[in-house]
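Protein chains in written order, with full-length UniProt numbering: chain E, 1 to 212; chain S, 1 to 212.
These are computed hints drawn from the structure, not numbers from a lab. There are no misleading hints in this set.
For chains that are exact copies, the list does not tell them apart, and a pair is met inside one copy or across any two.
Computed cross-link-like contacts, DSS-like style, restricted to lysine-lysine with a CA-CA straight-line distance of at most 30 Å:
1) Lys185 / Lys72
2) Lys14 / Lys210
3) Lys133 / Lys55
4) Lys166 / Lys202
5) Lys20 / Lys49
6) Lys72 / Lys14
7) Lys202 / Lys20
8) Lys76 / Lys14
9) Lys166 / Lys54
10) Lys210 / Lys60
11) Lys72 / Lys166
12) Lys20 / Lys54
13) Lys166 / Lys20
14) Lys20 / Lys197
15) Lys197 / Lys210
16) Lys54 / Lys133
17) Lys14 / Lys3
18) Lys185 / Lys152
19) Lys20 / Lys31
20) Lys55 / Lys210
21) Lys55 / Lys14
22) Lys133 / Lys202
23) Lys166 / Lys14
24) Lys197 / Lys166
25) Lys3 / Lys49
26) Lys72 / Lys202
27) Lys76 / Lys49
28) Lys72 / Lys60
As the structure is a computational prediction, the values presented were derived from the model and not from experiment.
Each chain, written out:
Protein chains: 2
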Amino acid sequence: MKKSNLDLLILLAKAGGIEKEILTTSRELSKMLNVSPQTIVRWLEDLEKDGLIKKSESRKGTLVTITEEGVKFLEKLHEELSDALYRGIIIGEVVSGIGEGAYYVRQYAPLIREYLGFDPYPGTLNVRVIFPKTIFDALCNVRPIIIPGFTKEGRTFGDVRAYRVKIDNIEGAIVIPSRTIHPPKIAEIIAPVNLRKTLNLKDGDRIRIKTL
Amino acid sequence: MKKSNLDLLILLAKAGGIEKEILTTSRELSKMLNVSPQTIVRWLEDLEKDGLIKKSESRKGTLVTITEEGVKFLEKLHEELSDALYRGIIIGEVVSGIGEGAYYVRQYAPLIREYLGFDPYPGTLNVRVIFPKTIFDALCNVRPIIIPGFTKEGRTFGDVRAYRVKIDNIEGAIVIPSRTIHPPKIAEIIAPVNLRKTLNLKDGDRIRIKTL
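All chains should be modelled from the sequences, with the hints used to inform the complete structure.
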């Protein structure tokens, strides 16, 4: 896709133009975007005409700031892209877990029944997320159900965030420990049934998970 | 800013073109984007030439799917906008809390010392977030420090997520209970000093918070 004044607007935002006036020159900007200084001058004028930036010339160069309307424009585009990219579809590849899932599902089973409304099959389906880049990207706009942690026989089990999902027509949930900071690469899915068996899945199969 | 083939690409993504082939017509797309069908035909050709979509004609209309390259393009733009918009700057307005902050800061004080490395002033500075739209937007890419919950005199205090920030030159932290699902409108900030007094702030003052 050809470069446009949108690229310039994003560059100005990255350079700090949202919060304050920045001092720059069309030569400097032209180098950064790899277009001619004339093109930059024209784009700056376009952006100003559209009310997205304000600019004034000084002896040292051009003072530019992004207007409130400009910020709104960028925010709207960001939101549209979020909607477009993260529409609640996760694509992943079935992988084998290390068998720990079953143990944890058993411990949380009464709470899963209480908070999610189903008796979980004791085991998780592990899926390596291919799209989007991380599970967190996919789940950013989904409201989690928080399964509260508890202590049992001296062992502490932390809060778990559960996100309702559907695979084919089976409803289940992706479960992530609340204390996890890094986006996990593997989505662990619980469901009322043995998903691997019911959906006849084997390692390497591609599946589509829909968030609810 | 003028509409372009980027708008069309986003529309196709929203319509489901990322995961599968969608059936559409240039007339239908032209209505949705409020441009002429001829423009749509040209944009579709541009997008195909750039390798961002694949299309084929059928008797019922045009079958379109976004290529892997097209998805990468949208993801990159989304990331750039995230960087540009959420560069770790939060702009907000000082407001009065209801005085609960002091109580909680006292309870967590030993853990704040342990996890954040400072003795907190017993009180929080409350800031109504103006930019970005929510605190979560601003903190999405910041790694939190998780202050673990505890029980004291029969009362349970949950995990707290702390995000290191700087206001003027004072380092502190935004603190958010881990179980919070909705993005709070108010950022509660702790610091080694009484921020309101040290920075001479009163209700309604605008401040800039920088995440670290």
